[in-house]
Structures are given as C-alpha cells and as structure tokens.
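Numbering (our numbering), first residue to last: 1 to 177.
To be clear, the hints were calculated from the coordinates, so they are not data collected in a lab. In this text, all values refer to a predicted model and were calculated from it rather than measured experimentally. Treat each hint with caution, since some may be false.
[What the hints assert, rightly or not] Below, simulated DSS-like cross-link-like pairs (lysine-lysine); rule was C-alpha separation at most 25 angstroms, straight line:
hint, residue 1, residue 2
1, Lys-28, Lys-89
2, Lys-75, Lys-3
3, Lys-89, Lys-3
4, Lys-75, Lys-34
5, Lys-75, Lys-89
[What the hints assert, rightly or not] Simulated restraints, written as ranges between beta carbons of each label pair:
hint, residue 1, residue 2, range
6, Arg-110, Lys-3, 50 to 56 angstroms
7, Ile-105, Phe-5, 43 to 49 angstroms
8, Arg-47, Ser-71, 29 to 35 angstroms
9, Val-61, Lys-3, 22 to 28 angstroms
10, Arg-58, Glu-37, 38 to 44 angstroms
11, Pro-67, Val-9, 47 to 53 angstroms
12, Ile-105, Ser-2, 49 to 55 angstroms
13, Phe-5, Glu-162, 54 to 60 angstroms
14, Arg-155, Asp-36, 23 to 29 angstroms
15, Phe-50, Gly-11, 54 to 60 angstroms
Ideal placement from N, C-alpha and C gives every residue a C-beta, glycine not left out.
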Amino acid sequence: MSKEFENFVRGASKVAEEQHPFDAEQEKRTWATKLDELHAIVERSLRPFFQDGSISIRPEVIRLSEPHLGSYDAKGVRIVLGNLTAQLKPIATFVVGARGRVDLIGPRGRVRIVLVPADTTSFPIRAVSASGADRTSPPVDEWRWKFTTSPPHVRYVDVDEESFQNALMEVMGASNG
1 MSKEFENFVR GASKVAEEQH PFDAEQEKRT WATKLDELHA IVERSLRPFF QDGSISIRPE
61 VIRLSEPHLG SYDAKGVRIV LGNLTAQLKP IATFVVGARG RVDLIGPRGR VRIVLVPADT
121 TSFPIRAVSA SGADRTSPPV DEWRWKFTTS PPHVRYVDVD EESFQNALME VMGASNG
C-alpha cells in the first residue's frame, strides 16, 4: 500500500467523521419517531372503524437488522378486518433513495411506503461531475411518508388518510366494480 493512498484514505475518513459523525442510537430514535408519525396517519384513517369494532389494530414488534445499526426492534402494526389481515411492516431505515421504508402487506399484494423529502414527487437522479463536485445534497428539514410506484418510473404519492384507505383496500383485495 502506498503512503499517499493511506494518507488519502485516512484524510477522507477524518473529514467525513468531522462533518457527519454517525450516531447509530440517534438514527434509531429518529426512525422510531418517523414510524410513530406513520402509525398516527394510519390510526386517523381507520379511527371510525376501530371505534365501532369493524377493524382492529394491533401493535407488533418487528426485529430488524441493518449493517450500520445492528439488530433492533421497530414498531409495526397488524390490521384485522373480518377474516382479512394486513401488516404495516418496517423494512429498513437505510434504503436507496429514501430515509426509510415500510411495506403494507395483505393477502392480495404489497405496497411500499418510503420516507422522502416532502417536495419529492419522483425518484431523485442527480448528475455529479467526475471531479466529485456537488456530492452532497442540501440538508432536508422535512421528510414525509409517501407511497411509491415500482421502477423504472418511480413516482411518489403522499400518505394521507384517504390514500392509506385506498392502499389498504388494494392489498386486502377489494373489488373495483
């Protein structure tokens, strides 16, 4: 190994640590807070139905393991409607193009929900110069849960009370007729 390369690697690592020190516990706390925000949307969406007993919502603990965070517990939700069950299952906080992902899984399918910057409507693709200029994104203050379509033409739709109800019908197999 050349001394020049060793100095390059150590210097780059030091700069990265100084600029953005990684705190795994803080990442887990932030993820838990964002999951709580998603669960609040779900509860608002289904409140009239679980108040009258038509739907039950049961919290679940999902064990996740991620390379930078290790193993940890995340909050999930099981939704029961008659004989049908759907699960709101956290997948990971480190995913390509998003700050986290949760899947809504039912007997008739799966819908992906991602945590992305609030103003995002499609998968962000940026050109970066070969010199590495503009390698960092501007800080994002507000993240929002959004449903995502499948590649190659990824689009995002805000998760709100109505869109969640529509997604739940989709994964539970509601007929459109």
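Results for each hint:
1. Lys-28 x Lys-89: holds (16 angstroms)
2. Lys-75 x Lys-3: violated (47 angstroms)
3. Lys-89 x Lys-3: violated (47 angstroms)
4. Lys-75 x Lys-34: holds (10 angstroms)
5. Lys-75 x Lys-89: holds (8 angstroms)
6. Arg-110 x Lys-3: 50 to 56 angstroms: holds (51 angstroms)
7. Ile-105 x Phe-5: 43 to 49 angstroms: Given range 43 to 49 angstroms: holds, Cβ gap about 46 angstroms.
8. Arg-47 x Ser-71: 29 to 35 angstroms: Because 33 angstroms falls inside the window, the suggested range holds.
9. Val-61 x Lys-3: 22 to 28 angstroms: At roughly 50 angstroms between Cβ atoms, Lys-3 and Val-61 fall outside 22 to 28 angstroms, so the hint is violated.
10. Arg-58 x Glu-37: 38 to 44 angstroms: For Glu-37 against Arg-58, whose Cβ atoms are near 19 angstroms apart, the range 38 to 44 angstroms is violated.
11. Pro-67 x Val-9: 47 to 53 angstroms: About 20 angstroms separates the Cβ atoms of Pro-67 and Val-9, which means 47 to 53 angstroms is violated.
12. Ile-105 x Ser-2: 49 to 55 angstroms: Holds, at about 50 angstroms.
13. Phe-5 x Glu-162: 54 to 60 angstroms: At roughly 55 angstroms between Cβ atoms, Glu-162 and Phe-5 fall inside 54 to 60 angstroms, so the hint holds.
14. Arg-155 x Asp-36: 23 to 29 angstroms: holds (26 angstroms)
15. Phe-50 x Gly-11: 54 to 60 angstroms: holds (56 angstroms)
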